[in-house]
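Chemist: Just need the whole structure built from these sequences, with the hints factored in.
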Amino acid sequence: MRHIISLLMENEAGALSRVAGLFSARGYNIESLSVAPTEDPTLSRMTIVTSGSDAVIEQINKQLNKLVDVAALMDLSEGEHLERELMLVKVRAEGAAREELKRMADTFHGRIIDTTDHTYTIELTGSCAELDSLLEKIGRDLILETVRTGASGIGCGDRILKL
Amino acid sequence: MELTGAEILIRCLQEEQVEYVFGYPGGAVLFIYDELFKQDKVKHVLVRHEQAAVHAADGYARSSDKVGVALVTSGPGLTNAVTGIATAYMDSTPMVVISGQVPTFAIGEDAFQEVDAVGITRPCVKHNFLVKDVKDIASTIKKAFYLAKSGRPGPVLVDIPKDVSNHKTTFEYPASVSIRSYHPVSKGDSGQIRQAAQMLLEAKRPMIYAGGGVVLSDASAQLADLVRLLDSPCTNTLMGLGGFPASDKHFVGMLGMHGTYEANMAMQHCDVLLAVGARFDDRVIGNVEHFAQVPRKIIHIDIDPSSIAKRVKVDLPIVGDVRLVLDELLGVLRGGRQAPSPAALAAWWKQVDEWRAIGGGLRYKNSSEIIKPQFVIEKLHEITGGDAFITTDVGQHQMWTAQYYKFDKPRRWITSGGLGTMGFGLPAAMGVQMVNPGATVACVTGEGSIQMNIQELSTCKQFRLPIKIIALNNGYLGMVRQWQEFFHGNRYSETYMNALPDFVRLAEAFGHVGMRIEKPADVEPALKEAFARKNDLVFMDFRTDPTENVFPMVPGGKGLSEIILSEQL
Ligand SMILES: Cc1cc2nc3c(=O)[nH]c(=O)nc-3n(C[C@H](O)[C@H](O)[C@H](O)COP(=O)(O)OP(=O)(O)OC[C@H]3O[C@@H](n4cnc5c(N)ncnc54)[C@H](O)[C@@H]3O)c2cc1C
Ligand SMILES: Cc1ncc(C[n+]2csc(CCOP(=O)(O)OP(=O)(O)O)c2C)c(N)n1
Ligand SMILES: [Mg+2]
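These protein sequence lines are chains A and B, in that order.
Counting from 1, position 40 in the first sequence corresponds to residue 39 in numbering that gives the first Met the number 0; the numbering is continuous, with no gaps.
Counting from 1, position 381 in the second sequence corresponds to residue 380 in numbering that gives the first Met the number 0; the numbering is continuous, with no gaps.
Keep in mind the hints are simulated off the structure, nothing from the lab.
The structure presented is a predicted model; accordingly, all values stated were derived computationally and were not measured.
The beta-carbon is built from N, C-alpha and C at its ideal position, and this holds for glycine as well.
Taking lysine-lysine and the DSSO-like style, the derived pairs with C-alpha atoms no more than 27 Å apart in a straight line are:
no., chain 1, residue 1, chain 2, residue 2
1, A, 61, B, 309
2, B, 186, A, 61
3, B, 460, B, 65
4, B, 148, B, 40
5, B, 364, B, 405
6, B, 203, B, 248
7, B, 557, B, 312
8, B, 312, A, 65
9, B, 186, A, 65
10, B, 131, A, 65
11, B, 312, A, 61
12, B, 148, A, 65
13, A, 65, B, 309
14, A, 61, B, 141
15, B, 141, B, 42
16, B, 141, A, 65
17, B, 148, A, 61
18, B, 349, B, 248
19, B, 37, B, 167
20, B, 186, A, 161
21, B, 203, B, 312
22, A, 65, B, 65
23, A, 89, A, 101
24, B, 65, B, 141
25, B, 405, B, 518
26, B, 296, A, 61
27, B, 203, B, 296
28, B, 533, B, 518
29, B, 148, B, 186
Footprint (simulated), chain B over chain A, 3 or more residues, beta carbon under 8 Å:
no., stretch
30, 4 to 17
31, 50 to 61
Modeler: Printed below as a string of structure tokens:
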């Protein structure tokens, strides 16, 4: 099953490679990983999207917790949470497709942030599934490049990951 | 007053009461060696290869409950040390390894003798640090010792660039340490401990499976009390040997791939299994599916949550230090009125004793013509009164020592279990002898393994370490040959080593005593003579039966009850 795990870790050189190394060394799946400092510059917040059987997910959580640099961890999928991902997608926008693409972006509440006479760059924030679905709608023929940040996740209401 | 980074480092080691550092100098650690030279509190043991420095620090730590310390230079010094670090990591040895690094301004430029030490060692250390500022040396060393020793122990690497070791700052050793992202658990959950007590009291066929965690947490006394109170059979893993006395009637021997029939059968047929500081290794429970076929309840005590439910499902996990958890468990058991059912236990012991009779414990056919390796170990046990510190290398000789040297005390048995590192035995014995001067220390090895760190005979001479080397020389990389015999149609591909050295003359060349023993009748007198030489290192080259195999054996991937008992079966 797909899990989304949030970490607070020391904002130190090498901390990211400890997490990445753990996943490759132990053969765990990693769908996406995003990381940036928090309001406390000594801490980074990381969101990892992974998948595996319950036993594997349990090990992933334990192994992450065991890293000395990991200060706190929450498996967001175990409760209510929100996830958002940012995508920038550049598409070939010519002729009849141009109008159609604009409409698609609007339906998804995306924004066109750059236009030329033959391209659009669409910005979209949403769940990973929503982003997937826009890409599918556009179709690979029209897509010139896709940039995605990977998911960022946060617990709902009082589910707070803080030191 | 301001001190240099190197001075600070040495002051830190003094503060940690480090008596010995095992190491090897080089360019990146020149300032550190200069400071070592100027003082005499921290003594340095100059090895002949950095791998040996780390194994020696490992043997030092395992046989004493102290943190082992090794010091190596950058580049090749560090890479040579990696095998030692990985060995310590797999067996959870508390250790601090200090490595020199190229100066901070040269890092990343492919400078002379530069390697990414933190990157290379990351997967095989508990934690590591690159110290970029001299102001951080003291706090980093304090953290390194704390991390190495607390929770599940392990090696910690501190990489110090050359310029940092020469920069100056004021020195203050932190009195205490806390790391906000690191909180090892020590006390177990009381509710779960009470539940464990209940499950154990209700068990009809209890079994206790104790591992290296018992030794690491110095909980042998508590374990012995528990086993006797529950009147349960007890087995040890390879790493746990000595954690429960082998001479106790509750002991059913080691379990696993080369464990006894009775231990493996009891594991498979018990109804409540208490795992204590053991990690359900693949060499221990064999095939996981086969192991899980039986509906037994499993209680698992371990300080590392990731050891629990890693390979097998556990019914009752207890995260905590073995000693504290067992203390509390014993309190609950002694405080209650319930006792285990004598009738159920009698039936269970009858079954265990039947297995003992079938397995015959451990058996081999002795000979008057050719030396049987098991016979040498039995005699070694007899002559040392079962009280020696024994290190080993890796292979058949290691398994025979585990089986036939009946360890009654913890920290006497020093072997590389998790990584299985040939070349471990002799340097580990050096560390053991340094921290236990005057004690009897023997290294049981094979003619293959000993050659992996044989240069350390020179270190032994320099530091007058009277280690007894028991080489069970079967002329083969025996353990591999055994697998080739069983599973690869007797094709002994590259397991016979031609042109072995004359070990007697080799020992003599290093300034030691050498002995060659070729007849069974000479085994005992030779051992007696060697152990009587209290001040000499004696290298004993026992020519043993090249065809002997290690039994019992659970072939790789098989279940515990699919054990092969001996050649005839
Ligand atoms: C050739 C060869 C053959 C082998 N055959 C066998 C065999 O037949 N049988 C066998 O048993 N092994 C065998 N081994 C060894 C095997 O590979 C493992 O190293 C060994 O079984 C692991 O032992 P352990 O489970 O006790 O764990 P260890 O590696 O000793 O780990 C200790 C466990 O205790 C925990 N712990 C540490 N400190 C504490 C504390 N204070 N409180 C609580 N928990 C703590 C740790 O978290 C860990 O889970 C063999 C090795 C070789 C090289
Ligand atoms: C460094 C290293 N290389 C290879 C191996 C694989 N290996 C395991 S046992 C063994 C044979 C050891 O031979 P020897 O030291 O003569 O011991 P014996 O089995 O004959 O008692 C080998 C090659 C290992 N464990 N370690
Ligand atoms: Mg051999």
